[in-house]
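*Asks:* Make a model of the complete structure from these sequences and hints.
Protein chains: 2
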Amino acid sequence: MKVVITGGTGMLGRRLALRLLANSELIGHSGDKERIDRLILVDAYEPVEPTPADPRVEIIKADICDPKVLDKIIDDNVDSIFHFAAVVSGGAEEDFNLGYNVNLDGTRNLFESCKKVNATPRVIFTSSLAVYGGFRDIVDDTPLLPQSSYGAQKAIGEIMLNDYTRKGFLDGRSLRLPTIVVRPGKPNRAASGFASSILREPLQGSKAICPVSPETRMLILSPRRAVQAFIDVHNAESDHLGFRRGVMMNGISPSIGEMVFALKDIAGSKIADRIIWKPDSEIQRMVDSWPWFANGIIGRELGFEPDESIEEVVQSFIEDELDGNILV
Amino acid sequence: MKVVITGGTGMLGRRLALRLLANSELIGHSGDKERIDRLILVDAYEPVEPTPADPRVEIIKADICDPKVLDKIIDDNVDSIFHFAAVVSGGAEEDFNLGYNVNLDGTRNLFESCKKVNATPRVIFTSSLAVYGGFRDIVDDTPLLPQSSYGAQKAIGEIMLNDYTRKGFLDGRSLRLPTIVVRPGKPNRAASGFASSILREPLQGSKAICPVSPETRMLILSPRRAVQAFIDVHNAESDHLGFRRGVMMNGISPSIGEMVFALKDIAGSKIADRIIWKPDSEIQRMVDSWPWFANGIIGRELGFEPDESIEEVVQSFIEDELDGNILV
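If you read the protein sequences in the order shown, they are chains A and B.
First residue of the first sequence? That's 1 in our numbering, and the numbers climb one at a time after it.
First residue of the second sequence? That's 1 in our numbering, and the numbers climb one at a time after it.
Take every hint as true, because none was put in to throw you off.
Copies of the same chain are indistinguishable here, so a pair counts whether it falls within one copy or spans any two.
Calculated pairs, DSBU-like style, for lysine-lysine (alpha carbon to alpha carbon, straight line, at most 35 Å): (1) Lys167 with Lys33; (2) Lys186 with Lys167; (3) Lys278 with Lys115; (4) Lys115 with Lys68; (5) Lys61 with Lys186.
In case anyone wonders, no lab produced these hints; they're calculated from the structure.
*Replies:* Here you go:
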């Protein structure tokens, strides 16, 4: 199998790549598990973290906004594409044009490249619960009313993916992700970034700012569970999805206060005291427009599993990213 | 006031233009009724019907796919824009690229032109009940799952309109229309076109083909009521719409059999017998993917009124388009 990951050296792309290289297989067009022979990581940015050292891996520095670039990468032999490349929520809100260029035009360029080849690649589109807006509780049938440009662009990507799938140009699946927590590495421009910072920085000896109230709830999913969900949605039978290609990934919904309590419980008061509370009304507004509770039936029926608790989320970060070491 | 209508010499655009010229006013930015001084009709096609002879009218032949064209037309003085220019359902299904070019890129070009000017024009976007898919009964909160490229493009237009409105680039409102019946003039490439043909052609002495079963229901609205709904949604207070800029226009839902019965009742058997039943599975499939019953609360609260009966629909066609004369 030949697999492409856009945003392939980014946070989720890299972790998916490592998991795919370790497991070495995915469900192919035959319906059976097939070996991954080539893994192409496309990214517009220089890798921040070490890239996988594996003979099956090829890294291509390229911007998906340029359609010619993707036409060279997506050929008749590509079996599966995981599409992570995107401008995140805060970035898309700050720079309206950039958000539409990357998240809408870049995504459409990818779908257009798939349309041109003599193949029907599986395309896994990274969507977001930001496609919903103004609803506290969401289910599979909740209408999409995004309250951010990022959410709008993701909703548009989903609709295009459905249409390209219906026309037989590709076999698309969208995964609507909750906020990924604990996101490793440096903060990015996502409005949700603080939810990772308030756990990540204190565990590594630094202070972190919390811009929202302790009562605020966030729907979250660990990177470990997210990577598994991408493999699960890739491997799902197309007929199980039918004409709804978007699957909501359920998360857990701790309040920020509960997240801080879990941090204290696992790592101690000294570490939890590294959080500085500094309200930011714009971030509070955006976070409040996202849903608090998700009860998607389709994802659950397909066997997609969110984390069991906020404690699991914190522990999996300490295990996967800190090799078990916290900086007291 | 300066008002622009894209698709302004087309079926709905022209009828709206005539109504606006007759009434001479719309709610302006002041919140009060203002006089219409200039009415610009933009259309890519040569007019099929006579264009309004009025000194306030300017007709510009231009393709909205060219962004430069709209930048010249949309200036700081434009108060209101009615956006009708589109590739219809059958056309967008047949020619995938053309549909996306006109319905997505052309619409985005219009919104981008509005973003550039020092004004916040009201933009009325013609959406369609084709944004829904797979649901027989629809309400305001029914999720958008379009089952045609046309429906996908209209759903995308609505999402962009919401986002451009939220950012303050324009004051957008989308009107989700049922199928317009009786559509005057020649058949177009809309998959729904037969619903008008089976009434229009027999009343004018010709035969018409009905490609769907008599049990098929269609949500319909007369051109007369549709034009009024566009004026109503334009004049609605922005705050009444809130962050949901899309309003569903309720229609009535006669079966095709009931439509034929009404024709017979009003015009006689000889005329109704001019319908030839010739099933077409592809048209049946598309029509079946559209909703049968609409119960939108928001539009009703805003006072938008559908036709009262299929008889009213047939009678208003005979009055408005045939000057009361039917061809026996």
